[in-house]
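*Asks:* The primary structure of each chain is shown beneath.
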Amino acid sequence: GAVVSQHPSRVICKSGTSVKIECRSLDFQATTMFWYRQFPKQSLMLMATSNEGSKATYEQGVEKDKFLINHASLTLSTLTVTSAHPEDSSFYICSATFKQGVTEAFFGQGTRLTVV
Amino acid sequence: TQLLEQSPQFLSIQEGENLTVYCNSSSVFSSLQWYRQEPGEGPVLLVTVVTGGEVKKLKRLTFQFGDARKDSSLHITAAQPGDTGLYLCACGGATNKLIFGTGTLLAVQP
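So the protein lines, in turn, are chains B and X.
Under the working numbering, the first residue of the first sequence is numbered 1, with each subsequent residue one higher.
Under the working numbering, the first residue of the second sequence is numbered 1, with each subsequent residue one higher.
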C-alpha cells in the first residue's frame, strides 16, 4: 500500500512556541491531505482538508490562525501549531488520498505533541 | 451530533470470546470503511464495504454493511490479544474527506 510518513513522531515544546509537523506521501502524489486530532482513547476528529496549491479548508471550530496548514507540493503538507499552549497537547495524524472519488486513505504514524 | 455512532464504546473480553461492534448512522453512505488503530500509531484500513447487505471476511473478522447502507457491524470470532486496539468505522464523500465514528476500544485479555 501507499506510504505516508509523518515527522516528528514526538515533540515536546514550551508554551508560546510554534511547532511544525510534516506529512509526506513517499510513493505517490497526494491530491488531498487531511489533518486529524485525537485525544486519548477517543476517535479522530478532522481538523482540516489540505489541497495542493490552495488554502486549506478548516472544520467548524478549528482556528485557522492557530493551526496553519501549508500544502506546497503533491507530496508534502505541513501543520504548524502556533503559540502552543498545554491544551494543544494531543496526537496529531495526517492522511493522504491520491484518487478522486476513492475515499481510501493512508495514514501517517502520528505526532504526539506535548506542550509544557 | 455525531454522524457515526459506534457501540460499545469500550469492550474488555477474554481470549477466545466472540464480539460484535456496531456502527450506526441516520445517513446513507455510498461506502463505509473499518480501521484498526494501535496506541501511538495511525489507523490501518481493514476493509471497505460498498454494497447494501455486503458481507466481507478477513480471517476471523466478518464485516457487514446494512441493507439500507446506514449501518455496519464488525464481528470477531475467537478474539486474540493481538486484536486489541481501537476500532473505527469511517465514511467518506465526493471530496475524499473521511469522517470517523466514535470508536470502540477493545481489550482482549490472555
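The set of hints was computed from the structure by calculation and includes no laboratory data.
Check the hints yourself; a few may be wrong.
[Unchecked claim] Computed from the model, here is a short list of chain X residues facing chain B with C-beta under 10 Å: (1) Leu4; (2) Pro8; (3) Val28; (4) Pro43; (5) Thr102.
[Said to hold, decoys possible] Far from chain X by the CB rule (all over 12 Å, computed), these chain B residues: (6) Thr17; (7) Val19; (8) Thr32; (9) Thr57; (10) Val116.
[Unchecked claim] Some chain B residues close to chain X (C-beta under 7 Å, calculated; not the full set): (11) Asn51; (12) Asn70; (13) Phe107.
A virtual CB, placed ideally from N, CA and C, is assigned to each residue, including glycine.
*Asks:* For a quick check of understanding: which of the numbered hints are violated here, in increasing order?
*Replies:* Checked against the structure, the hints that fail are numbers 2, 3, 8, 9, 11, 12, while the rest are satisfied.
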